[in-house]
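2 protein chains.
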Amino acid sequence: MKTSNKAAKGKQSLDQVSELTTNRLSLYLRCLNVLEGAGEQTVSSRSLAEKFHLNAAQIRKDLAYFGEFGVRGVGYYVGDLKRHLRQILGLDRKLRVAIIGAGNLGLALADYPGFRQEGFEIAVLFDTLREKVGQTSRGGVPIHDVADLTTLTRCDGIQIAVIAVPEAAAQHVLNLVVAAGIRAILNFSPGTLDVPPGVKLKSVDLTVSLESLSFFLAQGEG
Amino acid sequence: MKTSNKAAKGKQSLDQVSELTTNRLSLYLRCLNVLEGAGEQTVSSRSLAEKFHLNAAQIRKDLAYFGEFGVRGVGYYVGDLKRHLRQILGLDRKLRVAIIGAGNLGLALADYPGFRQEGFEIAVLFDTLREKVGQTSRGGVPIHDVADLTTLTRCDGIQIAVIAVPEAAAQHVLNLVVAAGIRAILNFSPGTLDVPPGVKLKSVDLTVSLESLSFFLAQGEG
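So the sequence lines, in the order shown, correspond to chains A and B.
First residue of the first sequence: 240, per the numbering used here; consecutive thereafter.
First residue of the second sequence: 240, per the numbering used here; consecutive thereafter.
It is worth saying that the hints were derived from the structure and are not from the lab.
It cannot be assumed that every hint is accurate.
Since copy identity is lost for identical chains, a pair holds within one copy or between any two.
What the hints assert, rightly or not - List of simulated lysine-lysine pairs, DSSO-like, C-alpha gap at most 27 angstroms: (1) K321 x K441; (2) K300 x K441; (3) K290 x K371; (4) K321 x K371; (5) K333 x K290; (6) K300 x K371; (7) K439 x K290; (8) K290 x K441; (9) K300 x K290.
The structure presented is a predicted model; accordingly, all values stated were derived computationally and were not measured.
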């Protein structure tokens, strides 16, 4: 099992493995939170799969890649596995996030409850509009002038930038963010962006989600 | 090749196939738009893969699943393939979308440029707040009272609902949307929701995107 697992992975780039696997690890972490909330101490890959409509073999494979967390006859200790997953995902320390663009999207993201729950701290919003600078989001995240991006990134220890500006400004903002020393960027702007090596860009294309619903509707009609 | 492809697929649920494959088809469609914009008439799976950092074998496999679109020695005709993909994804007709929740997120989604580009029409926003009802988004999408959801869904031919309300209200809104006859739902609220059979729910968990960046940063430090 282990050999074929490794062989299959060898064909994919490391980047693809990270992307697909970390998305699943994030999902497992959410499921473990639910189990912990319900007072469960241990869980098998099979019951985890059944409860949350996951694939048990995939769970075992994903977790085995990062070490042996399962205990024969027991399954996984919920608390232990949660701690391991948070460590693998780098969530065992608070990550400070800046959002560039304090329009509707930026403001919505600043107060998105899921981020805080998982240990991300939205420290600051940036905008160029004079009437926005000095205000805060409804949840209290301060809006600063984008001219102060480099200074605040260093002072506040910002490690992740979220780009929530119109498409026409996105590449310029990305360049500013990279120049400020940020190496991990989440982009909500449509269109492709150039990133220098050593910087990780993750783009969220909301249209893709709608298209999978469109496909579902089209199949139903066919 | 074809047999092993089918065999591999047999192991996954139809739902998983749709999800993963349609996400890739959406991506191919975006790449073809770029090529068409650049005046390209034909493209091989290899050059498509090289230009956009995709996997050539995966492209051939994905497209072969829906029919034989390639021409030996030519590759794919860009315009033809685009038309086929749009048809498979159900994008050959306009789909009308309603957004429930006219907060920052709902308003941002209503004016998200990607949706319109791909043939989705954000027809209406719904909210419960008296001061919002009767207003429009910056892009001109009208905000109606959620009490009129069923009526407007039928009159306007709404086929997709987007849930952009706080977590506490999400299940209630989902029930309203389903009762109004909508079978395809895109959910931005954190937490799990129950859906009746025959209804497709796609949840966008924005935290997952941030966690893959956190993983990247953690690997760099390790």
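Against the structure, the hints come out as follows:
no.: 1; hint: K321 x K441; result: both (24 angstroms within a copy, 25 angstroms between copies)
no.: 2; hint: K300 x K441; result: both (25 angstroms within a copy, 25 angstroms between copies)
no.: 3; hint: K290 x K371; result: neither (45 angstroms within a copy, 39 angstroms between copies)
no.: 4; hint: K321 x K371; result: neither (39 angstroms within a copy, 42 angstroms between copies)
no.: 5; hint: K333 x K290; result: neither (30 angstroms within a copy, 37 angstroms between copies)
no.: 6; hint: K300 x K371; result: neither (48 angstroms within a copy, 49 angstroms between copies)
no.: 7; hint: K439 x K290; result: between (33 angstroms within a copy, 19 angstroms between copies)
no.: 8; hint: K290 x K441; result: between (30 angstroms within a copy, 18 angstroms between copies)
no.: 9; hint: K300 x K290; result: within (18 angstroms within a copy, 32 angstroms between copies)
Comparing the model with each earlier hint shows violations of hints 3, 4, 5, 6; every other hint is respected.
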